[in-house]
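Asks: Make the full structure from the sequences, and use the hints.
Numbering-wise, the sequence shown is residues 346 to 703 according to my numbering.
Keep in mind the hints are simulated off the structure, nothing from the lab.
On a predicted model such as this, the values are computed, not experimentally measured, just so you know.
Think of the CB as a built atom: it goes at the ideal place given N, C-alpha and C, for glycine as much as any other residue.
Hints are supplied without guarantee of correctness; some may be wrong.
[Said to hold, decoys possible] Below, in silico cross-link-like pairs of lysine-lysine (DSS-like), each with a Cα-Cα straight-line distance of 30 Å or less:
#  : residue 1 : residue 2
1  : Lys623    : Lys660
2  : Lys623    : Lys605
3  : Lys658    : Lys605
4  : Lys649    : Lys605
5  : Lys432    : Lys496
6  : Lys605    : Lys660
7  : Lys623    : Lys649
8  : Lys406    : Lys432
9  : Lys658    : Lys623
10 : Lys406    : Lys461
11 : Lys496    : Lys461
12 : Lys496    : Lys406
13 : Lys461    : Lys432
[What the hints assert, rightly or not] Between beta-carbon pairs, the in silico distance windows are:
#  : residue 1 : residue 2 : range
14 : Asp383    : Arg497    : 27 to 37 Å
15 : Ala575    : Asp357    : 33 to 43 Å
16 : Arg454    : Glu601    : 43 to 53 Å
17 : Arg450    : Thr509    : 24 to 34 Å
18 : Ser419    : Pro485    : 13 to 23 Å
19 : Ala398    : Ser468    : 12 to 22 Å
20 : Ser492    : Asp383    : 46 to 56 Å
21 : Asp668    : Gly598    : 27 to 37 Å
22 : Glu482    : Ala398    : 28 to 38 Å
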Amino acid sequence: MALAPAALAQPDELDQTILESPGAWTNTQAAEVRAFVDGHLAEFEGEDPEAIAEAREALLKPLNDLRAGTAFQSQYFRVLSERLREKIGGFSVIGKINGMMLARRIVDRSTIDVLKIGLGDESSAGVRFVAAKSIGEVIPNSELGLSDADKRGLIEALAASASTEPDAFAAGKMLDAMRSVDLGVRATPTLAVFNARVPLHAANPNLSYQPELTGMQDMLLRGSGEFNAAQRRSFVQAAARYLALIATQLEAGELETENKDVALRLVTQSETILDLLKREVGLQGVMPNPVARYVPVEDWAGLKEVGSGWVEKLKAHGPLNLDDDDLNIEAPGGAAPTEEAVEAGQGDGAESGAVAEQ
Numbered sequence: 346m347a348l349a350p351a352a353l354a355q356p357d358e359l360d361q362t363i364l365e366s367p368g369a370w371t372n373t374q375a376a377e378v379r380a381f382v383d384g385h386l387a388e389f390e391g392e393d394p395e396a397i398a399e400a401r402e403a404l405l406k407p408l409n410d411l412r413a414g415t416a417f418q419s420q421y422f423r424v425l426s427e428r429l430r431e432k433i434g435g436f437s438v439i440g441k442i443n444g445m446m447l448a449r450r451i452v453d454r455s456t457i458d459v460l461k462i463g464l465g466d467e468s469s470a471g472v473r474f475v476a477a478k479s480i481g482e483v484i485p486n487s488e489l490g491l492s493d494a495d496k497r498g499l500i501e502a503l504a505a506s507a508s509t510e511p512d513a514f515a516a517g518k519m520l521d522a523m524r525s526v527d528l529g530v531r532a533t534p535t536l537a538v539f540n541a542r543v544p545l546h547a548a549n550p551n552l553s554y555q556p557e558l559t560g561m562q563d564m565l566l567r568g569s570g571e572f573n574a575a576q577r578r579s580f581v582q583a584a585a586r587y588l589a590l591i592a593t594q595l596e597a598g599e600l601e602t603e604n605k606d607v608a609l610r611l612v613t614q615s616e617t618i619l620d621l622l623k624r625e626v627g628l629q630g631v632m633p634n635p636v637a638r639y640v641p642v643e644d645w646a647g648l649k650e651v652g653s654g655w656v657e658k659l660k661a662h663g664p665l666n667l668d669d670d671d672l673n674i675e676a677p678g679g680a681a682p683t684e685e686a687v688e689a690g691q692g693d694g695a696e697s698g699a700v701a702e703q
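Replies: Right, here's the structure in full:
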């Protein structure tokens with residue numbers, strides 16, 4: 346009597362005839378491969394890091410077998426991607442992190458669907474961190490054959506996630522991943538992220554400014570002289586808002602020591618952006634005082650006036666068409682953040698996600 350597919354459950358390794366098959370698998374062979382993949386993916390539902398890592402390596406082992414031909418590899422990649430996409434919702438957090446690490450080894454366009462699932466995972470910032478890291482690695486991988494539309498779709502997904510990401514480590518990795526494509530593709534969505542994250546910092550003064558500092562430094566360095574009018578508008582908008590917001594938070598004594606240093610560096614960076622782009626956007630007349638007059642002596646009231654001065658300067662410049670809403674530095678509605686909003690995503694695994702990959 347022929348064995349039913351279920352009886353093929355969880356072989357330890359794949360049959361040589363499957364590895365060497367020059368064409369499409371038979372139904373029996375396909376069932377054996379699915380059983381092999383599903384058996385190892387079942388470990389991803391548990392909490393044992395070593396068992397999950399061993400299962401991940403077991404799933405990759407057939408690809409390193411010298412007997413595995415191109416026909417096997419292309420079919421196997423599709424099965425891996427399909428089963429990951431279907432099962433990842435039932436994985437533990439550490440299982441999802443390993444799922445993202447496995448997904449970036451899949452040389453098939455379908456892997457981007459798996460990575461997008463991880464990017465939107467609500468269970469842990471660690472999962473989102475590793476998903477973003479993986480996306481940053483697969484975008485430039487020419488073997489995947491991603492089209493320009495595929496890459497733009499991934500950049501848009503990263504931008505949407507980064508705009509609301511409450512964990513600084515994950516947000517930073519999303520912005521890092523966006524830098525894996527040409528400036529022309531990422532400039533507009535990245536600048537939109539900078540502006541979208543202002544309310545997050547207004548709601549939580551101790552959310553690290555490091556992602557914005559690194560991202561805005563890189564954007565200015567690589568984009569100077571190449572921005573179009575809309576991008577220049579968005580960049581000076583973000584710079585003025587961060588300068589004004591941080592000055593307000595400093596004056597109110599809201600920044601803790603570990604975030605204050607980075608915040609002050611972002612103040613200086615924001616002023617540099619405004620100073621370099623003021624002519625390109627057509628600002629004229631007397632500019633606000635330099636921040637260097639106030640930062641060394643910790644004159645936060647004076648610094649707040651500088652921030653307000655830049656906001657008013659931009660708002661008064663008709664061609665920019667920036668109004669109060671565009672230059673708002675408060676959390677949406679001006680409401681105090683809930684405890685859940687402040688704590689969301691912090692310390693829940695972005696660091697552990699990074700550690701899990703080492």
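Asks: Against the structure shown, which of the earlier numbered hints fail to hold, in ascending order?
Replies: Going through the list in order, the structure violates hints 15, 20 and 22 and respects the others.
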